[in-house]
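Place chain D on chain E using the hints.
For the protein sequence lines, the chains are E and D, in the order given.
If you're matching positions, the first sequence starts at 1 in the working numbering and goes up one per residue.
If you're matching positions, the second sequence starts at 416 in the working numbering and goes up one per residue.
These are computed hints drawn from the structure, not numbers from a lab.
A couple of the hints might just be wrong.
[Said to hold, decoys possible] The calculated DSSO-like cross-link candidates involving lysine-lysine, where the alpha carbons are at most 27 Å apart (straight line), are: (1) E:K324 to D:K640; (2) D:K604 to E:K6; (3) D:K535 to E:K6; (4) D:K604 to E:K324; (5) D:K492 to E:K402; (6) D:K436 to E:K324; (7) D:K555 to E:K6; (8) E:K6 to D:K603.
[Said to hold, decoys possible] One side only, chain D facing chain E, incomplete, derived with CB under 10 Å: (9) S462; (10) D472; (11) P524; (12) D584; (13) L601; (14) L609.
Even for Gly, the Cβ is constructed at its ideal location relative to N, Cα and C.
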Amino acid sequence: MFNIIKIAARNLRRYQRRTILTSALITLGVVAVLLFISVTGSFKDMMVGQITDSMLGHLQIHRRGYLASIDNLPLDRNLNERQVAKVKNVLSNVDTVESFSMRIKLGAMFSNFTETTNIRLNAVIPEQEVKTVPLLQDRIIEGQKEDVLLQKGEILIPELIAKGMKVKVGDSIVLVANNKDGSVNGKTFVVGGVLEGISGPGGRDGVIHLNDARELLRIDGVEISEIAIRLKSMDDLPPVFSRLKAELATIKDKQDKPVFELHTWEKLTPFYNIAQMIDLMTFFIKVMLVAIVLVSIMNVMIMAVYERINEIGTISAIGTLPGKIMALFVTEGFLLGVLGTVVGTIISLISIAAVNAAEITFNFGRQSDLLLAPVIGQGDVITIGLIVIGISVLASLQPAFKAARMDPITALRHV
Amino acid sequence: MSLVTADNLEKTYQIGEITVKAIRGVNFSIEQASFVSFVGPSGSGKSTLLNMIGCLDPPTGGSLHVADQNIARLNRKQAARFRGEHIGFVFQDFNLIPVLTVFENVEYPLLMVQNWPEQKRKKQVNDLLEAVGMGDQANKYPGQISGGQKQRTAVARALVTNAKLVLADEPTANLDGETASRIINLMKKMRDELDTTFIFSTHDPRVMRNAEIIFTLEDGKLLQKNNGGAHV
Numbered sequence: 001m002f003n004i005i006k007i008a009a010r011n012l013r014r015y016q017r018r019t020i021l022t023s024a025l026i027t028l029g030v031v032a033v034l035l036f037i038s039v040t041g042s043f044k045d046m047m048v049g050q051i052t053d054s055m056l057g058h059l060q061i062h063r064r065g066y067l068a069s070i071d072n073l074p075l076d077r078n079l080n081e082r083q084v085a086k087v088k089n090v091l092s093n094v095d096t097v098e099s100f101s102m103r104i105k106l107g108a109m110f111s112n113f114t115e116t117t118n119i120r121l122n123a124v125i126p127e128q129e130v131k132t133v134p135l136l137q138d139r140i141i142e143g144q145k146e147d148v149l150l151q152k153g154e155i156l157i158p159e160l161i162a163k164g165m166k167v168k169v170g171d172s173i174v175l176v177a178n179n180k181d182g183s184v185n186g187k188t189f190v191v192g193g194v195l196e197g198i199s200g201p202g203g204r205d206g207v208i209h210l211n212d213a214r215e216l217l218r219i220d221g222v223e224i225s226e227i228a229i230r231l232k233s234m235d236d237l238p239p240v241f242s243r244l245k246a247e248l249a250t251i252k253d254k255q256d257k258p259v260f261e262l263h264t265w266e267k268l269t270p271f272y273n274i275a276q277m278i279d280l281m282t283f284f285i286k287v288m289l290v291a292i293v294l295v296s297i298m299n300v301m302i303m304a305v306y307e308r309i310n311e312i313g314t315i316s317a318i319g320t321l322p323g324k325i326m327a328l329f330v331t332e333g334f335l336l337g338v339l340g341t342v343v344g345t346i347i348s349l350i351s352i353a354a355v356n357a358a359e360i361t362f363n364f365g366r367q368s369d370l371l372l373a374p375v376i377g378q379g380d381v382i383t384i385g386l387i388v389i390g391i392s393v394l395a396s397l398q399p400a401f402k403a404a405r406m407d408p409i410t411a412l413r414h415v
Numbered sequence: 416m417s418l419v420t421a422d423n424l425e426k427t428y429q430i431g432e433i434t435v436k437a438i439r440g441v442n443f444s445i446e447q448a449s450f451v452s453f454v455g456p457s458g459s460g461k462s463t464l465l466n467m468i469g470c471l472d473p474p475t476g477g478s479l480h481v482a483d484q485n486i487a488r489l490n491r492k493q494a495a496r497f498r499g500e501h502i503g504f505v506f507q508d509f510n511l512i513p514v515l516t517v518f519e520n521v522e523y524p525l526l527m528v529q530n531w532p533e534q535k536r537k538k539q540v541n542d543l544l545e546a547v548g549m550g551d552q553a554n555k556y557p558g559q560i561s562g563g564q565k566q567r568t569a570v571a572r573a574l575v576t577n578a579k580l581v582l583a584d585e586p587t588a589n590l591d592g593e594t595a596s597r598i599i600n601l602m603k604k605m606r607d608e609l610d611t612t613f614i615f616s617t618h619d620p621r622v623m624r625n626a627e628i629i630f631t632l633e634d635g636k637l638l639q640k641n642n643g644g645a646h647v
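So that you can see chain E by itself, here it is in the shape it has in the complex (with noise of 0.2 Å):
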């Protein structure tokens, strides 16, 4: 094998200027498919991960029809305190749940005393929250504490109010609310800090502490709006929520229906749109490369055959299996495909290292200044390596065929 491989690269070396076009048109397209999935994926992964672990979860369960009425936060279609007392159940079963959070969402008047506005609440039992959604307290722009997220009787307001009300952190407001009877109630909180807004549902909503809901709701006892749950890994997410849709689907109410309905992330946030238009956008990136390196080794290798006929011709007559011919010609595009590979992935490594030291920031939507830091991963490289030399054989296997099978006197009497 390794004189194959020898005798496969001098006459690569052969035709220089006709193998560096061809491994440069390979380098160029791994280091465009690695770029790409690189700057895109990183995008795509700080975006989710700025959804999940500062809003959403990574799962949420809520009462069967709350999430269809979700933009009119209902209070009537809470968890009770039995059915919040089985979902913790089943939760505490689970051992790649990393932390829960329950919330009740909400709908209020803000009022800084001289202006009204509406506002939209989570309100959340700080430490659970903090737990399920870390990035929570870094979206607190003013008034941060290192400690705790926010102490009974404040507020977390979103900075587009804050901004709109002239509100900042220690001034009193009020929120009035209706409770699920249609009665209203106020009560007076202080600002606790500022929260910067994110895309996405929730992204703009307000936080207090869950006693201070149900004293403004009147709520005695438990009730729940949604369980967010963050889960050890990210890659456990597709087997803990079968396994918990199956577990909250045997608990059923009085009409035999299941009581719980349960989503992930993906159903919760529309960037779920934009991150598969991601993953398309990369498929076709990944079929082009494809194509380049299918029609760029299949011609040099075609011409390879072309010109060496006589040469194949004379292996032939020497006693050269046409299995081992095959081999001389599959190894050159082999070699090609190689080069092209790692070249393009020495580039490609460069790239985006030197991308991470310019910093490079970006706007998403509302949000400004986000960091471009693209990351590759090794499964990626091996991945597109894979494919690239993968097809270079695949595009060689035609023209070494052709040149195994070819009649030694037909070939040596070419010139």
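Chain D only, in chain E's frame:
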């Protein structure tokens, strides 16, 4: 014991609707360690006959035995294997592999066809390069040596597997007179040393003069068998 035996050998080509009888019922036998030349005008069937003896082209009629093997029965792969084991080739255009050095060209059949162990292989190649006077050119590429040196290398390559038979199609056609004579003498010397049978096709009177047996072909028929100018 004959090394090559042809019995009523025929070769017919079909070119479109035209049938061309290249070899028409030829009979001959060639003994081991002979120095034989097939001569005749262009189109007489010399190269076709050599191609058939070399298992490159199967006969369409009669039988042809080379080293006790009826070569008409060999399939493509078996024919390649048989060539690799028993037959060496010397071509008019030398046909050395340009990306391999002189040493590697001679080594090629041992490495890629017969798979000899390294030490034995290197010794065999060095011995043959010395024998053909190319020992000091071993590391040069074909593009760096003269036509005569290329043909010496080709002779070494043909002999390196200890082939019983070397077929040479117009081996001196691209060489000047002096170089051609040296090549013929070299082949004769190798025949004497290794007992290898050499069969040529040629127009070249210098080659004919040196042949010990001359078969004359015309229109695919064997006209006569003569003892050449250099009898054993």
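Evaluation of the provided hints:
1. E:K324 to D:K640: Cα-Cα ~40 Å, so violated.
2. D:K604 to E:K6: Judged against 27 Å, a Cα distance of about 34 Å means the pair is violated.
3. D:K535 to E:K6: Between K535 of chain D and K6 of chain E the Cα gap is close to 21 Å, so the pair holds against 27 Å.
4. D:K604 to E:K324: violated (33 Å)
5. D:K492 to E:K402: holds (15 Å)
6. D:K436 to E:K324: violated (34 Å)
7. D:K555 to E:K6: Holds - the C-alpha atoms of K6 of chain E and K555 of chain D are around 17 Å apart, at most 27 Å.
8. E:K6 to D:K603: Not satisfied, since the Cα-Cα distance of roughly 34 Å exceeds 27 Å.
9. S462: holds (9 Å)
10. D472: Holds: closest Cβ of chain E sits about 6 Å from D472 of chain D, inside 10 Å.
11. P524: Holds, about 5 Å.
12. D584: holds (9 Å)
13. L601: violated (19 Å)
14. L609: Violated: closest Cβ of chain E sits about 17 Å from L609 of chain D, beyond 10 Å.
Going down the numbered hints, you'll see the structure goes against 1, 2, 4, 6, 8, 13, 14, while the others check out.
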